[in-house]
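Full structure from sequences and hints, please.
2 protein chains.
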Amino acid sequence: MTDYDVLCVGNAIVDIIARCDDDFLVDNHIIKGAMNLIDADRAKLLYDRMGPAIETSGGSAGNTAAGVASFGGKAAFFGKVANDSLGDIYAHDIRAQGVAFDTKPLTQDPPTARSMIFVTPDGERSMNTYLGACVELGPEDVEEDKTKGARVTYFEGYLWDPPRAKEAIRIAADQAHAADREVAMTLSDPFCVDRYREEFLELMRSRTVDIVFSNESEMKSLYQTASFEAGLDAFRKDCRLGIVTRSEKGSVLVRGQETIQIEPLEIGELVDTTGAGDLYAAGFLHGYTKGRPLADCGALGSLAAGLIIQQIGPRPQHSLKEKAQQHGLG
Amino acid sequence: MTDYDVLCVGNAIVDIIARCDDDFLVDNHIIKGAMNLIDADRAKLLYDRMGPAIETSGGSAGNTAAGVASFGGKAAFFGKVANDSLGDIYAHDIRAQGVAFDTKPLTQDPPTARSMIFVTPDGERSMNTYLGACVELGPEDVEEDKTKGARVTYFEGYLWDPPRAKEAIRIAADQAHAADREVAMTLSDPFCVDRYREEFLELMRSRTVDIVFSNESEMKSLYQTASFEAGLDAFRKDCRLGIVTRSEKGSVLVRGQETIQIEPLEIGELVDTTGAGDLYAAGFLHGYTKGRPLADCGALGSLAAGLIIQQIGPRPQHSLKEKAQQHGLG
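Respectively, the protein sequence lines represent chains A and B.
Letter by letter, the first sequence follows residues 1 to 330 in the numbering used here.
Letter by letter, the second sequence follows residues 1 to 330 in the numbering used here.
Source of the hints: derived by calculation from the structure; they are not laboratory data.
Since copy identity is lost for identical chains, a pair holds within one copy or between any two.
Calculated lysine-lysine pairs in the DSSO-like style (CA-CA distance at most 30 Å, straight line):
#  : residue 1 : residue 2
1  : 32        : 249
2  : 44        : 104
3  : 321       : 44
4  : 321       : 74
5  : 74        : 44
6  : 32        : 321
7  : 220       : 166
8  : 220       : 237
9  : 104       : 166
10 : 249       : 323
11 : 166       : 148
12 : 290       : 249
13 : 321       : 249
14 : 166       : 32
See below:
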């Protein structure tokens, strides 16, 4: 059995990124800052209206796996692509980053998933995701040597959108726990939380999940509260270890009655927020699986998130290992 | 007949861009700074060795067309993609930039061309191009309404690599001249010049081409001289209007005995030189087709080239029209 630091499970998506103004979002009924699920027809319509774009591998948990590997951690990924050009690009990029990726590609339709991401002048990203081949991820894609070999198995809440991935996750979590490993998830998106609130709470309260990543709006959506403090108190009870990211306010870690405040990275120009949460999780989990103190884990998360929002796209363009060393976190 | 400012003809290529160190180029026998032509087998081999990449539409003349459109000029493009995902991306991006692009895609193999571009820490790009569908561009792809309707028909020297594109170019040039239009070309690459030196000189001396874009090493290759001054003297005789770009030394325009020196744009960080020459041509031709003085045309070229090397990839990510206004060149 190979040992891994982090196994990530998520939708395998190629991002198609273009800039637009705020009016474009309004005119096209795109919820700003959210992940909007779209079908094939709307994907075609929006692509026809989209400006010149660049393509990069993406997908929340895939970005996290790439980030962990860039820090020098040993990462693996489960996710479903099709046997097509975008699938080739996806598989190339994640393997070239050093992530173990062996999920069998689909040999027929639907095609590899893509997300059209519109970046407004304020740097905020609004995603429009066609799930494509991701709908075929299922229990047969769980590789037990990896769930048992990984210190942390991490999955995205977005996996509740395709029909059978949640079954895969429950199996993977059972295998991980049977091997005395930990399981983590991200709540992914406030609207995703709204779709699956009860199931996410059940995952947390049943301790199917040990560690939960959330941003402020996802946590507020989870508990249907406008109060950050009320949300945090509830979160504290429901997670063994909870992490709440707050953009320019940094992040907060809670474990029982313990609370740790983490400062954000000071940044220059905010270019594109795509991947901020994913890379925070990468930095945190890299530190966590290396046995670093929680404050260091949070600082590594802030570093990776702060760097990724100063570039276009969610995959690190420079070695995070070197960046961590430069920031005294190596 | 629709009027166009610039019709560009070139290889329609999707760029796959990744960073590497200089050792990688040496180990893989890639000529630094050059366009290396590769076959399908070598494309697979190099892609297997390439790090995580991003994809963007590219191709020299296609980049120039996109640049002209970004300045607000009316541009058209001839180039051959296949009916596949990368071809869809290429067609989308150039049309979304506002360029008229109606070349029929191939409905069978080979696939859309791609160039694996390795960017070293000094910002220099080294290209590895698999021509794919580009080999099928031929006289049947010349749209006479566009050759006659465009103030300048501009093509890349790279078109001498595929077998039948040169026939298309001669037909397009004849049609353009018959309509009292001008014809321009870029020498593209010093090794390309070496492959087709006599043919390029014939194009110039027969006045099949009126305006020639070159960089310093291409001009030296053309005349097989190490002397910039000797090359420039010969160039002056062979071109009606000659433009020689010299990276951080700016550029030189020659027309008969007239010589105009153009300053480069002062830049911050050099990120990636991909597209520098293509965007210089875009700025120059935009000014030229709007009837601006040659010094302004050169300044617009310097502006566009200087901006493109401060980002990854050869397609402008911001409106060059706005940038020109900000720099007092609008």
